[in-house]
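**Q** The lines below spell out each chain.
Number of protein chains: 2
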Amino acid sequence: MKRITIKDLAKHLLLSTSTISRALVNDKNIHPDTKKKILDAAEKLGYKPNPTALNLKYGQSKNIGFVVPEMITPFSSTVLRGIQNILYPLGYRIIIMQSDENPLIERKNLLLLEEFNVDGIIINLCHETYNHDVYQQIIDRGIPLVFFDRIPDKSLDAPKVMVNDNIKASLMIEHLIDTGRKKIVHIMGPSTIRNATERAMGYKRILTKHGIFDPDLLIKTEGASFEHGRIAAQQLLSKNIEFDSIFAFTDTLAIGAMNYLLEQGIQIPEEVAIASFSGTELATIVHPQLTSVEQPLVQMGEVAAGLILEKIKDNTISNKTIVMDAALIYRASTRG
Amino acid sequence: MKRITIKDLAKHLLLSTSTISRALVNDKNIHPDTKKKILDAAEKLGYKPNPTALNLKYGQSKNIGFVVPEMITPFSSTVLRGIQNILYPLGYRIIIMQSDENPLIERKNLLLLEEFNVDGIIINLCHETYNHDVYQQIIDRGIPLVFFDRIPDKSLDAPKVMVNDNIKASLMIEHLIDTGRKKIVHIMGPSTIRNATERAMGYKRILTKHGIFDPDLLIKTEGASFEHGRIAAQQLLSKNIEFDSIFAFTDTLAIGAMNYLLEQGIQIPEEVAIASFSGTELATIVHPQLTSVEQPLVQMGEVAAGLILEKIKDNTISNKTIVMDAALIYRASTRG
DNA sequence: CTGAAAGCGCTAACAA
DNA sequence: TTGTTAGCGCTTTCAG
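Those sequence lines, one after another, are chains A and B.
So the first sequence is numbered by the UniProt record's numbering: it starts at 1 and just counts up by one.
So the second sequence is numbered by the UniProt record's numbering: it starts at 1 and just counts up by one.
Be a bit skeptical, because a hint or two may be false.
Restraint ranges, calculated between C-beta atoms of paired labels, are given here [stated by the list, open to error]:
hint: 1; chain 1: B; residue 1: Leu90; chain 2: A; residue 2: Asp153; range: 34 to 42 Å
hint: 2; chain 1: A; residue 1: Gly91; chain 2: B; residue 2: Leu104; range: 17 to 25 Å
hint: 3; chain 1: B; residue 1: Thr34; chain 2: A; residue 2: Ile312; range: 35 to 43 Å
hint: 4; chain 1: A; residue 1: Lys108; chain 2: B; residue 2: Ser21; range: 23 to 31 Å
hint: 5; chain 1: B; residue 1: Leu218; chain 2: A; residue 2: Gln137; range: 56 to 64 Å
hint: 6; chain 1: A; residue 1: Lys36; chain 2: B; residue 2: Asp325; range: 57 to 65 Å
hint: 7; chain 1: B; residue 1: Leu54; chain 2: A; residue 2: Lys48; range: 17 to 25 Å
hint: 8; chain 1: A; residue 1: Gln137; chain 2: B; residue 2: Lys36; range: 20 to 28 Å
hint: 9; chain 1: A; residue 1: Lys48; chain 2: B; residue 2: Lys182; range: 52 to 60 Å
hint: 10; chain 1: B; residue 1: Asp244; chain 2: A; residue 2: Lys183; range: 18 to 26 Å
hint: 11; chain 1: B; residue 1: Lys108; chain 2: A; residue 2: Arg335; range: 37 to 45 Å
hint: 12; chain 1: B; residue 1: Thr34; chain 2: A; residue 2: Asp133; range: 26 to 34 Å
hint: 13; chain 1: A; residue 1: Ile312; chain 2: B; residue 2: Asp40; range: 30 to 38 Å
Since the hints were made in silico from the structure, they are not lab data.
Owing to the predicted nature of the structure, the values given are computational and were not obtained by experimental measurement.
Glycine included, C-beta positions come from ideal geometry on N, C-alpha and C.
Input sequences plus hints: build the corresponding full structure.
**A** Here it is as structure tokens:
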């Protein structure tokens with residue numbers, strides 16, 4: 001079942017390979033009749049261009065790397081959808097690497113992608129500073145690197161796609177206060193993640209403004225999994241800390257915490273309101289459904305894909321940081 | 001930032017490209033000193049082999065297609081992890097395509113993968129029979145095609161990885177009966193999916209054996225999303241059908257149904273016990289946690305990857321169907 | 001308008 | 001032990 005090539009067509013039609021190629025690439029220097037004959041034959045014999053040959057010729061792999069902390073939650077898969085929307089029609093392939101929230105694996109993944117000869121990499125960090133050298137190295141080697149969601153600090157000059165974590169977190173806290181909550185816990189993600197500190201800053205600022213900031217209510221976690229959320233809630237209860245609401249760094253933390261509270265017989269939202277930050281479907285598949293800051297994940301993917309295409313076309317253009325809007329969606333977990 | 005090639009090394013060291021190549025591929029016909037010199041230079045200049053050139057040379061793309069109905073739930077991402085475990089170390093890239101549970105998109109994806117020149121495809125169907133012709137065509141063209149989870153009927157000769165849906169469903173129903181449930185609803189998936197009919201058969205067989213099968217308790221859905229689960233639960237209530245438990249085709253259906261019942265103030269598991277079939281993390285992130293048949297997803301991925309490697313190596317070997325074991329995990333949703 | 005030939009990076013006969 | 005050459009599939013000068 002050998003692939004049929006341009007050569008086979010040439011032999012079949014007693015023409016040169018260059019003529020065949022001309023017909024196929026819509027070159028003007030070809031007689032319409034010849035062209036038609038070739039196209040018909042190509043169709044009949046089931047000719048398919050070999051992308052590998054083109055890649056070699058043009059020095060591109062048409063592969064884009066996509067590096068994310070995990071794909072278990074819908075967060076990255078949703079962003080991926082946006083990326084695919086843009087990149088697949090253009091003939092790009094996307095290679096996905098999961099870092100398991102482990103900077104060492106992230107590092108390995110990045111190096112592997114370089115081996116794979118990708119034309120660019122879109123990445124959501126698992127740890128802000130750990131692999132700074134590798135990011136810089138990749139950029140220096142001329143491979144476009146686009147960051148989204150968890151981006152590195154300003155010292156790294158690269159295209160970035162993000163939302164305004166600080167402000168959106170502030171707004172969510174304002175909402176909790178508006179609905180009568182006073183003892184607002186924040187389950188903060190690891191401070192090695194920029195978003196975690198940004199969201200925490202928004203939280204702190206508003207509470208301070210209202211004169212109700214209490215450091216005991218700020219719980220820092222080691223990670224952002226469901227389990228970390230559970231543990232945070234457990235801590236709150238075991239320390240006998242009084243609270244009437246929780247704002248969590250992510251859906252996963254919020255859900256983990258909520259489930260633990262529910263298991264302890266605590267009423268959500270009557271006794272404790274819960275709000276999160278993400279934009280994944282997870283917020284709506286739990287009961288009660290979660291109030292949360294919803295990021296436009298698909299569009300973030302599309303924008304990231306657009307940025308990488310720009311850089312692939314011309315690596316010298318200056319790097320944009322795109323700040324996207326996120327929406328506060330109020331659901332049952334903060335009502336009542 | 002041009003990539004450095006074998007040619008650059010040759011020029012640099014005043015050697016021929018073949019000698020360079022020999023050093024790089026560990027050929028024995030080379031003087032140790034020369035070899036060392038070359039390897040050192042390669043290291044120093046940052047030489048990286050160009051996979052595209054090799055692919056062209058050997059007629060392989062080292063790309064494997066992975067086609068799934070969706071990646072929003074952790075199901076496919078977990079299987080993917082298993083596939084990556086096996087395939088990444090071997091230098092394969094994995095191209096992921098989501099079919100959105102739409103046979104037309106699945107068809108398009110498959111065709112696109114063919115264009116992409118993949119060496120093989122691992123697929124979880126979104127509809128059993130609709131694209132039968134394309135599957136056959138791909139196989140006929142010599143591209144190994146491995147099915148997992150939702151597999152096609154016997155008429156298609158290809159490697160398959162599955163669990164024993166029928167038996168495991170039966171065991172779960174027995175469990176519900178053992179714990180005192182008598183009016184057991186089954187939320188069945190679309191009958192265009194083989195697993196759905198298999199699991200439904202297990203359900204029906206056991207209930208019939210116990211003389212308590214009631215066709216009114218078998219709800220067929222149009223899909224397997226959370227929303228479909230909600231709708232099913234809604235139907236049950238609006239039709240005033242009495243039931244004390246639900247066995248759902250998937251986690252998603254179970255969760256959708258459970259949330260609807262919870263919203264209506266129905267106690268889970270006191271009034272209605274819920275069990276599902278899947279093996280994803282979803283079962284443990286809801287409250288109460290779901291009893292379910294857990295498939296060994298990572299291993300399924302590893303096995304599928306193994307099967308495709310076998311077929312890539314020798315496409316003439318006969319096709320195996322691997323039936324994996326699944327475990328019944330009892331959680332809070334069926335207690336009490 | 002068409003053909004011949006070179007070249008993308010690499011390997012593998014075949015010579016030397 | 002090393003060098004020369006052809007070729008993987010395709011496009012693109014350069015001749016004709």
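**Q** Hint by hint, where does the structure go against what was stated? Just the numbers, ascending.
**A** Per hint list: single violation, 10.
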